[in-house]
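Novice: Mind assembling these two chains? They're in different frames, but the hints should get you there.
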Amino acid sequence: MAVITPGDASARRQSPPLRLLAARKARPASAVGTSIVVVFLLVAVLGPALAPYSATEQVFSEARQAPTFSHLFGTDRLGRDVFSRVVIGARDILSLAGLGTALAVFIGLVSGLLSSYIGGWFEELLFRFYDSLLAMPALLLALLLLGTLGPSRNSVLFVITIAYIPIVARVVRSVVLDTKTKDFVAAARMQGESLPYILFREILPSVLPALAVEAALRFSYAIFLVASLGFLGVGVQPPNPDWGLMVSEARTYVSLTPWALYFPAAAISLLIIGINLMADGLKRVLQLES
Amino acid sequence: MMSTPIKIRKPVMWPSYKIRSLLIAVALILAGLVLGGLASAQSSLRVALEIPVQLDPAFASSDSEIAVLNNVYDYLVDVDSGNNIIPRLASSWTVSEDGLSYTFSLVEGVKFHDGSPLSAEDVVWTFDRLRDPELELPTANLYSNIASIEATGPLEVRFTLKDTNPFFLYDLSDNHALILKANTEDATNFNGTGPFVVDSYSPENRMELSANREYFMAGKPGVDKLELIFFSDQVAAVEAVRGGQVDLVMRMPTPLFVSLQNQPGLETVAVPTNGFDLIRLRADRPPGNDPRVMQALKLATDREAIREIVTLGFGAPGKDTPIGPLYESYYAADLEVPARDVAKARALLAEAGYGDGLRLELHTPDSGDRPDLAVILKEQWAEAGVEVDVLVEPESVYYGNNGWLEVDLGITGWGSRPIPQFYLDVMLVCGAKWNEAAFCEESFDELVQIAGSTLNEEERIATYREIQAFLIEQGPFIIPYFFPQFGVISDQFMGFDMKAFPGRTDLAAIRPK
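Protein sequence lines, in the order shown, are assigned to chains A and B. Residue numbers 10 to 299, in our numbering, belong to the letters of the first sequence in order. Residue numbers 2 to 514, in our numbering, belong to the letters of the second sequence in order.
Everything labelled a hint here was simulated from the structure, so no lab data went into it. Values in this document were obtained by computation on a predicted structure and should not be read as measured data. C-beta atoms are modelled at their ideal positions from N, C-alpha and C, and glycine is treated no differently. One or more hints might be untrue.
So, partial list: chain A residues that the calculated Cβ filter (under 8 Å) puts toward chain B [as the list claims (entries may be wrong)]:
id, residue
1, 63
2, 67
3, 72
4, 247
5, 260
6, 264
Listed next, the in silico EDC-like pairs over lysine to aspartate or glutamate satisfying Cα-Cα at most 20 Å (straight line) [what the hints assert, rightly or not]:
id, chain 1, residue 1, chain 2, residue 2
7, B, 379, A, 71
8, B, 379, B, 357
9, B, 226, B, 200
10, B, 379, A, 66
The following block holds chain B by itself, in its conformation from the complex (with noise of 0.2 Å):
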C-alpha cells in the first residue's frame, strides 16, 4: 500500500510579500498623488489675526477690524504701498478746476454679495451715512467737509466739497469708507463686494471665507479659501506661524520679529511706517502748563538709548512731531531736536518752580513695547531730579472710557496714516477730538489750517516745515521713534505686499507659488 505523500502547505515565499508590499506602496503613492491634487486645487491661506471685536466698517478701527473688513468689501480708492492713490470701486476720476467737485466712474459689473450689482446709489449712502451729524459715527467730522454727493449716473457719483482739500483722495479711502449696499440695515452682514465671502464667523474664534468668483480686479483672489483664526496673544501667533499652523501674521513685537528672521520655510519683512509712540504732558493745567517743564523733559530724554533698546535698532528716529520721514516731500530732514543735557533739563525744571523735585504718574498700555518705554524714561528722567511712577494699564482700561485723555502724563501709540495732516487736526488744533495733551495755540492752529487746504503744494511743503520747527521747540510731547511694521509668511506664498497700516495689506494677492 502506497502511502498518500502528506501535504505540506507551502509556506508563502518571499518574493510574493513583496510584490504585494509593492503594490500597496504603488497604491499609496497613487492615492498621495489623487489627494494631494484635490488639496493643491484647494489653495488656502491661514492668517492669524487679533480678535476684532467691531465689524460695523463705520465703528472698526484696530489692524484686524480693517483686514477682515477689506477682504469682505471695497474701497471707492486705495492707497499702495507707496501712499499713491489707486482706483477700487472707482476706476476713475476728474476733478474740477476750483478743486471742489471730484467725479468719480465706478467699475462697471461689479456685484455684492448677495448677487445685487453695485450702483452709485450705494457710494452715495455709504458716504451720507458716515457724515451724518445725527448719526455720530466717528467719521462724522472727516467728512463734514462735504457739501453733497450725488449719483450723476448709474455708475457716476460726483462729490462736492465746501472748501478745498487736498488730501480728499486720502479721506475718501479712510479705514471707515467700505461700500455697503444702499439702505443695508444690519451693517455687520458681511455684504460686500469685495475679494472674499465670508463662509463662517465664529467670534473670537475664527472666520472662514472662500473666494468671490465673480470679484472683479483679474487674478484676485489667489486662493480659494481664505482662514482668519483670531488669536488674543501676539506670542501664541508667532508660535503659530512658526509651527506652520498658519501661514501668515502681521504686526508683532520686535524681539519676536527677530527670533523668526533666518527661520527656514519662512520669509520675513520690515516695513518703514509713520506709527509712533509718544509720550505727552497735559499742557492745560499744572505741571504741563509750563512749557519749561516739557522742555526739560525732552532734553532730559535720551533718544538713542531708546531707539537702541526699545526697537533694538529697528524703525526710524523721531523729532518729536508726527511727521516722520515716511513723508519724503514734506518730512524736514535737517531739523534737529536737541542733544540730551541733563544740567539744562535740571535748570528749567527749577525755573518752572520744580527745583526740589517733581513727581508724576506715568501711565501706559500693556501693549507694544510701551512698558519698556516708560521703565527706561523713569530711569533716565530720574537723572533730571523728575521721579516717576509707572503704571501700566490693560489696553483696553488705558483707552476705555477716553481715560487717556484725562491722564496728565502718558504714552498712547499712533498708527500709520499715509498723510500727516490726519495727525495734526485731530491731535494737536485747538479742542480736536483727540487732542490727549489738551494743547492749544491759535497760530499754531493757522498753520495746521493753511497746510490742509492750500492747493499750492510749495506752500505746504513750507508751511509743513514750519509747523515741525514749532512742535520741536515747544510741542507738547515727545516722538522717540517711529516703528516699523513686522510680517511673516510661509515661503509657499508670493504677492505678499505689507501696507504700513498691515490691516490694509491685500490679502487677495497672495497667491500660492
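Isolated chain A (complex conformation) (with noise of 0.2 Å):
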C-alpha cells in the first residue's frame, strides 16, 4: 500500500519527522500512536507542575475515594491522589525506560558495528555471548540480576541495558553483514578512509532505518519491563509512583478502590500500544523509502 503517492514527491526531500508528519495523513494508527506519544511526553516533562498534589502525600481522611472533580482518578487505600501518582509516574517510566533504551541502542549499535565490520574471533565471542544473554527471556534475566545487585532505580537501568544490548546488536549486523560487502564501502575502503569513517559515514546509514524501528520498540518492551518489575516488587521501591507497582498494591483493593487499579494499568496499556502503533508507522514510511 503506498503511503507516499507519486504526487507527494516533495515528501522524500523532507527531514525525517517531517516525513513522519505526512506519512500521518496516510495511516491514521500511527498517527493516533504517535500523538498518544507525544502526550505523554508532555506529562513526563510538565510532571509536577500538571499533579494536583504530592506523589506520596497521605491524607487518611480521603482515603479509597472514588474519583471526583478534586481528585480526577481517585484516592488510594492510603489517601494518595492517584491522578497525581499517575502523571507523576509517568517521568519516572518513561525516564527509565528511555534512558535505559537509549544506553542499550548505543552500546549494542556500536558493539554491533564494529565486530561485525572487522568479524573474526572478535566477532564470534562477542555474538556468542550476546547468544546467551538471550537464551534467557528478558524477564527472567532481570529477576535473576535484580536477585543479586538488589532492587533500585539504577539496578532496573542496568538490566533493560543488559537485556537489550544484544538485541540491537544482532539487528544492527545483520544490516552490517550484508552492508559491508557493497561496492561504495569497498570503495571507501580503498581510498584509505579510517576505520570510524567507513563505520559512520558508510555503513551506518544503511542501519539506521533498521535500528530506528527496533529502538522504537526496544521502548515499549522497555516500559513494559519496568512495569512488570514494579509489579513483581523487584523494581522501583515503594512509595514511588511507579506504574506497574500501583497495579500491584491496588491489586489486593481490587473491590475497594478499583480506580487505583484501572488507571495506571490503563496508562500502561496506552502508552505502550501508542509507541507500537508509532513505530509500526515508522517502519513503513522507512520502508517505502528504500
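Specialist: Following this line, the structure appears as C-alpha cells:
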C-alpha cells in the first residue's frame, strides 16, 4: 500500500520528522500512536506542574475515595491522589525506560557495527556471549540480575540495558553483514578512509532505518519491563509512583479502590499501544523509502 | 379396476412427541437424583491453603503446613478457640503437688493409619526426638526444661520437669508436637493417628485425604473427603472461594475479606488474635543503642491513622508489647502509650545527636499489610526529621539466611500464640534465638523469668503488668496493632470454628449442613 503517493514526491526531500508528519495523513493509526506518545512525553516533562497533589502525600481522611473533580482518578488506600501519582509516575517510567533503551541502543549499535565489520574471532566471541544472554527471556534475566544487585532505580536501568544490548546488536549485525560487501564500502576502504569514517559515514546510514524501528520497539518493551518489575516488587521501591507497583499494590484492594488499579494499568497499556503504533508507522515510512 | 388407495404415511403426531420428551425428562430427573444421592453420600470439603514446604512436624511452622499436619496427626493435648487446654490423644492428666510431674492417660484403641495401635512409647519417642539436643530441632530449647519422659504403663506417660512451668501443657500443644509412631524413620510419611488419611499428595498442587473411619473422636471427621488445594497467591485463593471452586479459605488480606462480606453463599468470620506486626530497631548498635532514638520513633508514629488505614479498623490497637487484649487476665488495659508528639520526637533525636536528621533503611517482607505499614511510617517519621528508605523484600529473602535478624530497622510479622510467655522467651530475653532487636536488659530478663516459672497466678499477673509498663517506656519496638484472622466458608457447611492460629483450626469438625 502506498503511503506516499508519487504526487507527494516533495515529501521525500523533507527531514525525517516532517516525513513522519506527512505519513500521518495516509496512516491514521500511526498518527494516533504518535499523538499518544507525544501526550505522554508532555506529561512526563511537565510532570509535577500538572499534578494537583504530591505523589506520596497521604491524607488519611480522604482515603479510598472514588473519582471526583478534586481527585480525578480517585484516591488510593493510603489517601494519595491517583491522578497525581499516574502523572508523576510518567516521568519515572519514561525516563527509566528511555534512558535504558538509549544506552542499550548506543552500546548495541557501536558493538554491533564494530564487531560485524571487523569479523573474525572478536565477532564470534562477542555474539556468542550475546546469544547466551538472549537465551534467557528478558524478564528472567532481569529477575536474576535484580536478585543479585538488589532492587533500586539504577539496577533497573542496568537490567534494561543488559537485556536489550544483544537484540539491538543482532539487528545492526544483520544489516552490516550485507552492507559491508557493497561496492561503496570497498571503495571507501581503498580510498584509505579511517575505520570510524567507514563505520559511521558509510555503513551507519543503511543501519539507521532498521535501528530506528528497533529502538522504538525496544522502548515499548522497556516500559513493559519496568512495569513488570514494579508489579513483581523487585523494581522501583514504594512509595515511588511506579505504575507497575501501583497496579500490584492496588490488586488486593480491587474491590474497594478499583480506580487505583485501572488508571495506572490503562496508562501502561495506552503508552505501549501508542509506541507500537508509532513504530509501525515509522517502519512503513522507512521501508517505502528504501 | 379399483385403484388401491395410496398409503400415506401418517405423520408423527404431537402427543407422542410430548410423551417421549416427558419420558426423557423423567429419566433425566431420576438419573440426577441417583447421581446426586451418590454425590451427597461422598461429602467433600475443599480447602484453599498456601503451598506447604516443610511437612516434617518438627520443622513445619506456617499456617498451611500445620493445617495439613493437624489433620493427619494428633496432638497430645489441644487448645480450643478460647485458649483453654482440651484433651486430644491424652484423655486425662494429673499434675503432682510440686508442679514438676505430669502424668497423662492416653485414649484407648487409637490406631495409626498403618493399622498399628498407639502406645505410650510413641509419645515418649516423639517428645524425646523433639527435645534431643543433638538433633538440633527447633523445639530443643522449648523442651529443655524436661528432665525425663517415661512410659509408666501401656497407655500412660509421665513427664518430669527440672523447674516448674505453669505453661507446660501449652508447650506440649506446641505446633510441632504432633505424635509420630515410635522409630519413624521418615517423619514425612503421613503415618499419623489423625482424622484424615492421605490418599495422594502432589507437592505445590494439592493433597487428597479421606476420612479416617477408625478415628477415636465420635462424630469426626464430618466429611468423607478432604481436598487441600494449594495456592501460591492469596488473591487467587479468594477468587476461588468466590467462584465456588473451593469451600474454605483462611488467612487473607483485609481488603479481600471486606470484598467477600455480604457475598451470597458465603459465611465470613473475623477472629481476634494476638498476631501482630512489629517495627523494631536493633538496640545493640547505632543509632538504636541510644534508647532515645526508639522513643522518638514511637512518638513520631500515629497509631490511630495506621489502624484506620492498614487494618481498615479491624483488630485491636497495640501498645508496643506482645501481650495483647486476647490474654484477658494478663493484659494491662489501663496502661497507655504516650500520645503522638512530633516536636518531642525531634527534641529527643537532637539530644541523641541526630538533630540534622537521621536516615534509615526500613526492611519489610512483601506479605500482608507490611509494605503499606512501611510507607505510612515513612511519611509519619519524615515529619520528625527521620528519612526512611523502604525496601520491600519477598518473605523468603527477608527471613532467609536469618537476614531479618541482621537488619537495623525492620518490620516483622508474628503469629498468634496461646500464651504471652512465648514471645518474651524467644524475642526479648538476652541472647534469645529470635531476639531481632538484639535487646538485652538484665532486670527485664528477671521479670520474664519470674512470670514464666511462678505457680502463683497473682504474682504472674503483676509481673506481666510490670513487663508491659517497661516495654511501653523502654522497649525496642513499636507494635501498632493486633491483626485479626479472616476465614470464609461456603454456607453449605457448619461446625467451622476458626482459631487465632488458623492452621490449628479443627477441619474434622466441619460437616455439611
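Novice: Evaluate each hint against the coordinates.
Specialist: Each hint tested on the structure:
no., hint, result
1, 63, "violated (10 Å)"
2, 67, "holds (5 Å)"
3, 72, "holds (6 Å)"
4, 247, "holds (5 Å)"
5, 260, "holds (6 Å)"
6, 264, "holds (3 Å)"
7, B:379 x A:71, "holds (19 Å)"
8, B:379 x B:357, "holds (17 Å)"
9, B:226 x B:200, "holds (10 Å)"
10, B:379 x A:66, "holds (10 Å)"
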